[in-house]
Amino acid sequence: MADMKLELELLDSGTFAEMSQLSRLNMSDNRISSVPVGMFSPLTGLKHLDLSRNSITKIASGAFAIGLSDVYEEYGYFQQSLHFDLSFNNISIIENNAFLHASRINLRNNKLIGIGQYAFNNQTALRTLVLAGNVQLKNFEFLHNLPALHELDMSQMNFTFENIPRSVFDDLDSLTTLNLSSNQITEVPIGIFAELQSLNFINLRHNKIKHIEFGTFSMRKYDLIDEIDLSYNEIKELNFLVFVPLKYLKTLLLHGNKISYINAKQLTRNKSLYNFGIQNSNVRCYDLVDLLGSLKLVLEPNEFISDLPNVDGIRCQP
1 MADMKLELEL
11 LDSGTFAEMS
21 QLSRLNMSDN
31 RISSVPVGMF
41 SPLTGLKHLD
51 LSRNSITKIA
61 SGAFAIGLSD
71 VYEEYGYFQQ
81 SLHFDLSFNN
91 ISIIENNAFL
101 HASRINLRNN
111 KLIGIGQYAF
121 NNQTALRTLV
131 LAGNVQLKNF
141 EFLHNLPALH
151 ELDMSQMNFT
161 FENIPRSVFD
171 DLDSLTTLNL
181 SSNQITEVPI
191 GIFAELQSLN
201 FINLRHNKIK
211 HIEFGTFSMR
221 KYDLIDEIDL
231 SYNEIKELNF
241 LVFVPLKYLK
251 TLLLHGNKIS
261 YINAKQLTRN
271 KSLYNFGIQN
281 SNVRCYDLVD
291 LLGSLKLVLE
301 PNEFISDLPN
311 VDGIRCQP
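With full-length UniProt numbering, the residue at position 168 of the sequence shown is 168, and numbering never jumps.
Incorrect hints may appear among the rest.
[Unchecked claim] In the BS3-like style, the derived pairs of lysine-lysine whose C-alpha atoms are separated by at most 25 Å in a straight line are:
id, residue 1, residue 2
1, Lys250, Lys210
2, Lys58, Lys111
3, Lys271, Lys296
4, Lys236, Lys210
5, Lys210, Lys138
6, Lys221, Lys250
7, Lys138, Lys58
8, Lys208, Lys111
[Claimed, not checked] Cβ-Cβ distance ranges computed for the label pairs, FRET-style:
id, residue 1, residue 2, range
9, Gly38, Leu241, 53 to 61 Å
10, Gln317, Thr57, 51 to 59 Å
11, Asn200, Pro36, 37 to 45 Å
Please keep in mind that the hints were generated in silico from the structure rather than gathered at the bench.
For glycine and all other residues, C-beta sits at the position ideal for the given N, C-alpha and C.
All chains should be built: construct the whole structure from the sequences, respecting the hints.
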């Protein structure tokens, strides 16, 4: 048995006994309000569990303790991936040891106010965690116990760095993508990303950032950042030399800010930079022309301008 779609309001702890071969279970769009501890434990072959768009309010310790089958390949041992989709529920609390194994957990648009420090810590190799839309979540101690995490989505959370410890991201050694877009961030503390030695992409678009200081994106060990998105903030002036130390930076997006002047000499000091986005701003056409020989001017999707003064489809001030 590979797939199953269920429509249930109340779940029985013995529902899935003798179903160890089930790989995908879809229980979305129901009225499920609780998950009995141990109910899913027989599903040792499970790869995807969809409980989205229900009314679940709490994830108790052991609720998703599924002992997966060990898998062997020609080049050695690995554990099968297991994706949980718990988006669009009413989850407010996730207790310690709620998950035994998981590679991806989607908690988008819940009502989270508390996540146990060890909620994801018990033998899990969690690679992707989506917390987007949880506007009440303010405690992030659990991030210190996710050394294998590659992608973290904290967008649309009303998040700011106010009262957040500078060490909040320090133990995310494997993180490659950090999404902090569509929040209320007004400033980015120097050193907040310093321990993210694997980070490639930082998404800070749609915030309220006004200034970027030297050292904001400095890394203690390795500097692997190749894309920074600061689009749709409130930046009026920017010293582009702050990006020069980022020797692998290829893409810098500043769409939708209030920048009126670009110092081409400063910007092109970064020899790795290739893509530059400055659409929907007050930049001068003269400045854009200065950049054409050094950088590729990238557009926002479906926003090529042809009926106003522009350079390569980017509206500018003559």
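Now for the hints, and whether the structure bears them out:
For a cut-off of 25 Å, the pair hint linking Lys250 to Lys210 stands: about 22 Å separates their Cα positions. Between the alpha carbons of Lys58 and Lys111 the distance comes to roughly 10 Å, so the proposed pair stays at or under 25 Å and holds. Between Lys271 and Lys296, the direct Cα distance comes to roughly 13 Å. Compliance with the 25 Å bound is thereby established for this hinted pair. Between the alpha carbons of Lys236 and Lys210 the distance comes to roughly 7 Å, so the proposed pair stays at or under 25 Å and holds.
Using a Cα cut-off of 25 Å, the hinted pair Lys210 and Lys138 holds, with the two alpha carbons roughly 23 Å apart. Of the pairs offered as hints, the one joining Lys221 and Lys250 holds, with about 19 Å between alpha carbons and a cut-off of 25 Å not exceeded. Among the hinted pairs, Lys138 with Lys58 is consistent with the structure: their alpha-carbon atoms are about 17 Å apart, no more than 25 Å. Note on Lys208 and Lys111: the hinted pairing holds, with a Cα-Cα distance of about 24 Å set against a maximum of 25 Å.
For Gly38 paired with Leu241, a C-beta distance near 58 Å keeps the hint of 53 to 61 Å intact. In this structure, Gln317 and Thr57 meet the distance hint of 51 to 59 Å, their C-beta atoms being roughly 53 Å apart. Taking 37 to 45 Å as the suggested C-beta distance range, the pair Asn200 and Pro36 conforms, at roughly 40 Å.
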